[in-house]
Structures are given as structure tokens and as C-alpha cells.
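Trainee: Position chain B against the provided structure of chain A, taking the given hints into account.
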Amino acid sequence: MSPSPSGLAFAEASLLARARRRLLGDGLARACAALLAVVALACLLGPFVTGHPYDRLYYDYPGVPPSLALYPKPEAVGPALDRLALRMRVRAEDVAVTGEAVRLTLASDRPIDDRVLTFFSRSDTFGEARLLGRSEDGRRLTVEAPLRALRFLAGTDALGRDLLTRTLTAGRLSLALGLMATAVALGIGVVYGALAGTLGGRVDAAMMRLVDILYSLPFVFFVIMLVVFFGRSVALIFVAVGAVEWLDMARIVRAEAQAIRRRDYVRAAEALGLSTGAILRRHVVPNLLGPVVAFAALMVPRVILLESFLSFLGLGVQEPATSWGVLIADGARSLETAPWMLIVPASFLVASLLALTLLGERLRDALDVRG
Amino acid sequence: MIPYVLRRLAQAVPTLFIVVTLSFFLVRLAPGGPFDLERPLPAAAMENLRRVYGLDQPLLVQYGRYLAALARGDLGPSFSVRDLSVAELFARGLPVSMTLGGLALLVSLVLGTLLGGLSALRRGSALDHAVTTLGTFALTVPGFVVAPLLQIAFGLTLHWLPVGGWDDGSPKNLVLPVVTLALPQVAVVARLFRAGLVEVFDRPHWRTLRALGLPPRTLALHGLRGAALPVVSYLGPAAAGLLTGSVVVETVFGLPGVGRYFVDGAINRDYTLVLGTVVLIAVFVLVLNLLSDLACALIDPRLRDFG
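First to last, the protein sequences are chains A and B. Heads up: the first sequence begins at 1 in the working numbering, then just goes up one per residue. Heads up: the second sequence begins at 1001 in the working numbering, then just goes up one per residue.
Calculated from the structure, these hints are not laboratory results. All clues given are correct.
Partial pick of chain A residues on the chain B-facing surface, computed with a CB cut under 8 Å: (1) Ile224; (2) Met225; (3) Val228; (4) Phe229; (5) Ser308; (6) Phe309; (7) Phe312; (8) Ile328; (9) Ala332; (10) Leu342; (11) Ala346; (12) Thr357; (13) Leu358.
So the derived label-pair ranges between C-beta atoms look like this: (14) A:Glu270 / B:Ala1211: 43 to 51 Å; (15) A:Glu270 / B:Asp1300: 36 to 44 Å; (16) A:Leu44 / B:Ala1087: 47 to 55 Å.
Nothing here was measured: the structure is a model prediction, and the numbers come from that model. Heads up, the beta-carbon is just placed ideally off N, CA and C, and yes, glycines get one too.
Isolated chain A (complex conformation) (with noise of 0.2 Å):
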């Protein structure tokens, strides 16, 4: 290391504390995890804020494109009151809409029945309907209905759902089930390889050769196979992703656990009669750490991918929950019709990927020991 004021030569020592320095130095790991925490921080309390149910249908609305526009548009109200109309027997006479109401009368040739309103509010053009009056035959009403303001920012699907609402729904499953995985995954593969590491000799050569048969199987086929036969659940994604995940992380370990083990510092420890147990926390652990650290921030991205891609063969999240891999199968197929219900998922899907890929590198260099 080069001659330095001795107060940042104390607090390069620290392997945390230099990693954070590098990384806030770094323009693009700040945008990054900006990045990032702008989507999860969306797709936490988006569905709260955008106004619509992630699985409510809206059935006057399917297939609407992106845009700042307020449904019903002004021309819709007329041909949506006779629908509603038809449904209820009646006619819809002196229709006159005002800004955020519709004001008409219901005629029939028999008296009519107050609870017909109620076909309003069914609606997902009006909200609740008022009585203003009433013939004295019964045979017409008058009657005001709210028009119901409704957004769509990023467009509705197929079946009139909310595009928005649903990616930032899915996006919470796609990035708990990456976060949760990787948790499993680390778990797994910190433990396996620090004790093949630690323990050595025939131990470790037996674990390791059941590493390595692991490895040599086709294991994308297996997952898949794994996850037909023995139903479509979240769960199940889980525990595929998981077991996949591990063997990587556990010959990171083991090599590391390894290497550290055979360290002069280490065997002086040893010397001045250290336990083991206090060697592993002092010396093998802390060394862990920046390597561990990294390849579990470069799982993350690989896991949301695994998870997408089973979601879009249709093996993975079933309905009506969803994640990104879903809405952009939905999306591939019907391109021609509304190609927003691809690129709005695509979209979130890639920028978290590339975020968490770029800041897992950026983690990975700043971590280095060597570096």
C-alpha cells in the first residue's frame, strides 16, 4: 500500500469501510442503486397508490394503450349507457353528461324497479346512482350516476386489468423470490463449503465429488422436470432455484475457507493457542465475507432471471398472482395488439437486471481484496 496519512491508512484496513468508500466514489453503483431502490420502493407501495385491485377486471376497458387520459372518454358514455341500459330493460332517454356526472332519464313500459340502479355501480363506467325523481306511473326515472375516474398509465391487458398495478404486483414476487432464494442458496452453500473447507481431508473430498456430480447434470432440465411434476407453486420455484444456486457458492466457499486456512496469520493464531472457533470468527469469516458478498449480489439478477423463465414457459407463478416472467409471456403473445403489455414489464424486468448486475460487479471489484 502507498505511504498515506495515517488516520486513512487505519480506515483502509477495514474492508467495509474501504468497499463503501469506492463504491459512493462511483457515479454509476450510485445511479445503480438508485436505480433499484426506486423500483422496489415502487413496486412496494405502488399497488396502493395506483387506484386499481392488481386482479380487478375491468370489463368496458380491455386492451386500453398507456396514456395520462381519464376513462370513460366523453364519447364512450353514450354507447356505455345503452349497454347498461340493455342489461336493465329500459331505455335511456335525455342523456346530458356533465363534466364529472350524467344526468338521464330511464324509461320503460312497465313500472320500474329502484334496484336496477344498482347496475351502475356494477358498472366500470358509473359509480353509485341517485333517485332525483320518479313519474307518477313508475314508468320513468330520473336518475344522476357519477362517472368514475379511472387511470391508466401504463394501459390494461387483455382482460381490462391494470398493466401498472400488475407489473409493480409482480415485481414484488419476482424480487422477494430473488432476495429469498439467494438467501436459501447463500445458507446452503456458506455451510457445505466452509465445513468441506474447514474439516478437509476425506470429508471434503466426498463432499466435493457430490458437488461436482451435481454439476455435470443438465440441471435447468431438472428444475423444469421438478417443477411439472410436482405442481406449479411458488414453493417449488423456491426450492429449484435454490438447489441450483448452491453449488457455486459452496466451491466459492470451500476454495476461500481453503486458502485462508493455510494463511501464516491463521497458523499463528493457531501457535498462540486460539481456538478454532475463534479463528474462524476472527480471521476465516471476515475474509469470507468480501468474496461471499459479491457472488450472492450477482445471484440475485441470475435468480430473477431463472424465476422469469420458468414463469414464461408457464412452469413457474400460476394465476392470479403473477411476476414479470408472466406478464411478459402475456405480453409476447399478443404483440400486434397491445405491444405496451410487453415492453412495460420488459422493461422493469431489464433495468432491474442490468442495475443489479452492474452493482453487483461494481460490488464485486470494490470487495477485492487484492484490488
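Mentor: Okay, now just chain B, sitting in the frame of chain A:
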């Protein structure tokens, strides 16, 4: 060298055996069978079907029969595609998948070495940065996003190329699938080749060669020798993946390749088709790994220790 090849092929047999055995019993663990329908078949018909396909035998007998047939090179009849054997299905699908995969391999090799070589020669230039950045994009954006985006851009908007279909392999139909397949591979090859060249450039023997004033052609040969190794050893397994078809590309572009057989077979409980696909892929992986190891030995004399 020939004894080496023979020994490697002999070593492949136990690997294949393990893969087949694991797959065989995993497939059979699954609930449901190949002849389950929404409305169950009459018991007698079901009984006959199961007898015709040998499913009424104990599992171990079936396993033995499958292995015996496999040893003769017989992959058995398909359960879901009536009247066709698994081998016949492969004979139909493999030409499609191998055409696409082979072209993608060619493109990634040519374009990857070109881009990687240029960015190694002009280290730190704008071109180098552009190749690195685009490479990250190509590696991160998954094929199931790239493929439909290409369809929107070149098929639906510009109308230059068909959105999908095979059409007896007409060149226009090949472009988009090959681009989708090749994109991440180009990025990997470019990265590996650049890193390999950069490493060679930092070696003392390279400096000596330059100091000797050798002609550029001779220099290029020496550079290639060092940098080609990582690329060739990567291309072995990668070629196996490309040549045996991609589920995503074949689904999105509606191509009749073998990439879909595994998923379709697994969903339909088509036991023989699933096992056949596993065998097919394992054989491709084993053979192409062997080829790439041999190619490495051809390039680097230090690896010629076949003993």
C-alpha cells in the same frame, strides 16, 4: 491421440448411465401418466394402451427394457405424438435446431472475435467501452425479451422480416431467431477473446516477439494461439446448448425444432420423449466437450499430454 479419444468416450458411458437412470426414475415419480385425459378412458382401453407401451410391467423391468433398447440405439416410441418414434421426431426437429444453432455459433465466433480483437488492440478507446457496455446489455437482457422486441421492431413496425415460422428455412425467417441466439454468445466470446489477447500482450514472450521485429502476420498467429484457448473451451458446452435448440426462441418464433420437446414431453408425461431429449443433449455435451478439448490440444502443445 486415438487411445485418448477412445478412453474419453468410454468415460462418457457411466456419465450417460447416471443421467439416464436419474431421469428415468424422476420422470416416473411424477403423478399422472401419459394417457390421462380430462375424461378418463374406459378401463379396458387404458389397460390395452398400457400393455402396448409396456407400462403394465414392474418399473425395474421397464427400466431394464429401456436400457437394453437404448444400447441398441432405439429411443422408443413417443407417447404423446402418436405413430412417431422419438428418433423420427428428432430427425424432423434436429435439422431446424442445428441450422439455427450452427448459424448462431458462426455469427458469435466471427463477430465475437472481431469485436474482442478490436477492443483489445484499442484498449481504453471509445470502441472498447462501447463493446463492454453493449456486451453487458446483451448478457443481461434475456432472450424472451429480446425475441419479441425484435418481432415488434423488424416484423410489425418495419415489415422487413417475417415475425415467425420456419418456411423450409428461407433465409428471411432465419435472421431474427439467429440474432436472438447469437447476441449473448457474441458478448461472451468478445469478452473472453479480449481478456485472452490482453493477457498475451502483457507477457514477456510477446514483448520479445515484438522486439524481434516479426511481421504482423506472425505476431497475429502468436497472439491468436494464446487468446483462442478460453474461447475454444467455452465454445464446447455453448455449442451443445445452441445446436440442441432453445425453448424460448423456438416458442416465440414458432419454429419446429427440438428445443420444445423437453418441456412439452415433461408436461404430457411423454416419458420416452423426455428421456430421449436428455440423452440427446448429454451426447451433444460429451462429444462437443471432447472436440473442444482436442482443439485446445491442437492450439497449445502443453495440453497434448494424452497419457
